[in-house]
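Number of protein chains: 2
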Amino acid sequence: MTNPHTEHLRHFEELAIGETIDLGHSTVSKDMILTFAREFDPLPFHLDEAAAKTSLLGGLASSGWQTGALSLRMLVDSFLSKIASAGGLGFTNLKWKNPVMVGDTIGGKVTIAELRRSETHPQWGIVTLDFDIRNQKGAPVMSMRLANLVETRP
Amino acid sequence: MTNPHTEHLRHFEELAIGETIDLGHSTVSKDMILTFAREFDPLPFHLDEAAAKTSLLGGLASSGWQTGALSLRMLVDSFLSKIASAGGLGFTNLKWKNPVMVGDTIGGKVTIAELRRSETHPQWGIVTLDFDIRNQKGAPVMSMRLANLVETRP
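Here the protein sequences line up with chains A and E, keeping their order. Basically this note's numbering = 1-based index in the first sequence + 3. Basically this note's numbering = 1-based index in the second sequence + 3.
For the record, the hints were derived by calculation from the structure and aren't laboratory data. Among the clues, some could well be false.
When chains are identical, the list treats them as one kind, so a pair holds in a single copy or across two.
Dumping the calculated DMTMM-like pairs for lysine to aspartate or glutamate here, alpha-carbon to alpha-carbon at most 25 Å [what the hints assert, rightly or not]:
1) Lys85 / Glu22
2) Lys140 / Asp25
3) Lys100 / Glu122
4) Lys140 / Glu10
5) Lys85 / Asp51
6) Lys112 / Glu52
7) Lys140 / Asp34
8) Lys56 / Asp80
9) Lys85 / Asp133
10) Lys140 / Glu117
11) Lys100 / Asp133
12) Lys56 / Glu10
13) Lys98 / Glu122
14) Lys112 / Glu122
15) Lys56 / Asp25
16) Lys33 / Glu17
17) Lys112 / Glu42
18) Lys85 / Glu117
19) Lys85 / Glu42
20) Lys112 / Asp25
Here chain A stands alone, though its shape is the one from the complex (with noise of 0.2 Å):
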């Protein structure tokens, strides 16, 4: 059956192996380092420019999930907004490979890595995901692996 809400989305079918999305760019500012850091990941490295300069990351740095969850951010503009997505299932091998400091501006790409219909339930397929993010040196900040459902065509 056709579901109106998504008809007009690309569905599992239309996806290919090989597709690389490219994600744009988000620009981290010391107010959304703060900011995510006290509700999230009030930690002083996060939070305090003294402390931080003192840590091993050398000075103010977000929060790694913040830069997971920015990098979620322009993927949703980017791709998951476009598809018949039904929501993630997980992660792996997420690495952090350099830190994210103020005003550094990080984007990257996203290639389809794996396709895989579910043998349980036709109306689902599986879409994996491999995150290559880096900042504006192109140095790389962080690495992963998605896994989401995406409807099929009925």
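Chain A is fixed; fit chain E onto it per the hints.
Chain E in isolation, oriented as in the chain A frame:
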């Protein structure tokens, strides 16, 4: 050399495999779900009750990334703020097992699964933490394994 900023905190040597950390609890309101989703995960099933009802989630549910961020906050309060943490390295095997709906209370425990000294940097060790996040009915909502750097004693 002793670090006056972290001297009073638990170091790598004072952690033990099998130690469990009680995360306490966090109740997820509709306002929290909408605020997070607008910024990081603006998909219909996190923003619009009518769309959420017809989705796989069955109602307004938090972004999985928000469930992770709230779990991180509980870990900061119960553990990371009490150890000489130098930052997260990454995580693996994150699985969202059940949606977190408006009004749900999540909590759970974290277990120290592995302790490993850095081969190249004697000032650090790596603590690996297994998360078991559940809702107020005891149903699992998220599991993951986090790797975090911790200072060793000088």
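Okay, the hints, checked on the actual structure:
1. In this assembly of identical chains, Lys85 and Glu22 lie within 25 Å of each other by CA distance solely inside one copy; the values are 14 Å within and 44 Å between copies.
2. Proximity of Lys140 and Asp25 under a CA criterion of 25 Å is satisfied intra-copy only: 17 Å inside one chain copy versus 41 Å between copies.
3. In this assembly of identical chains, Lys100 and Glu122 lie within 25 Å of each other by CA distance solely across copies; the values are 18 Å between and 35 Å within a copy.
4. In this assembly of identical chains, the alpha carbons of Lys140 and Glu10 never lie at most 25 Å apart, being 40 Å within a copy and 35 Å across copies at closest.
5. For the homomeric pair Lys85 and Asp51, the shortest alpha-carbon distance between copies (17 Å) is at most 25 Å, but the shortest distance inside one copy (39 Å) is not.
6. Taking the closest pair of Cα atoms, Lys112 and Glu52 never come within 25 Å of each other, the shortest separation being 31 Å inside a single copy and 31 Å across copies.
7. Only within a single protomer do Lys140 and Asp34 lie at most 25 Å apart by alpha-carbon distance; the minimum there is 22 Å, versus 37 Å between protomers.
8. Taking the shortest Cα distances, Lys56 and Asp80 sit within 25 Å of each other only across copies (22 Å), while inside one copy they are farther apart (34 Å).
9. In this assembly of identical chains, the alpha carbons of Lys85 and Asp133 lie at most 25 Å apart only when taken from the same copy (18 Å versus 34 Å across copies).
10. Taking identical chains as interchangeable, the C-alpha atoms of Lys140 and Glu117 are never at most 25 Å apart, the minima being 29 Å within one chain and 34 Å between chains.
11. Both within a single protomer and between protomers do Lys100 and Asp133 lie at most 25 Å apart by alpha-carbon distance, with minima of 15 Å and 21 Å respectively.
12. Taking the shortest Cα distances, Lys56 and Glu10 sit within 25 Å of each other only across copies (17 Å), while inside one copy they are farther apart (51 Å).
13. Within a single copy, Lys98 and Glu122 get their C-alpha atoms only as close as 30 Å, which misses the 25 Å cut-off; across copies the closest is 19 Å, which meets it.
14. With identical chains, the CA atoms of Lys112 and Glu122 are never at most 25 Å apart, being 29 Å at best within one copy and 32 Å at best between copies.
15. In this assembly of identical chains, the alpha carbons of Lys56 and Asp25 never lie at most 25 Å apart, being 33 Å within a copy and 31 Å across copies at closest.
16. Taking CA atoms no more than 25 Å apart as the test, Lys33 paired with Glu17 passes in neither setting, with 40 Å inside one copy and 34 Å between copies.
17. With identical chains, the CA atoms of Lys112 and Glu42 are at most 25 Å apart between copies only, with a shortest distance of 20 Å across copies and 28 Å within one.
18. Only within a single protomer do Lys85 and Glu117 lie at most 25 Å apart by alpha-carbon distance; the minimum there is 18 Å, versus 41 Å between protomers.
19. Proximity of Lys85 and Glu42 under a CA criterion of 25 Å is satisfied inter-copy only: 18 Å between copies versus 30 Å inside one chain copy.
20. For a Cα distance limit of 25 Å, the shortest separation of Lys112 from Asp25 inside one copy, 5 Å, qualifies, whereas the shortest one across copies, 37 Å, does not.
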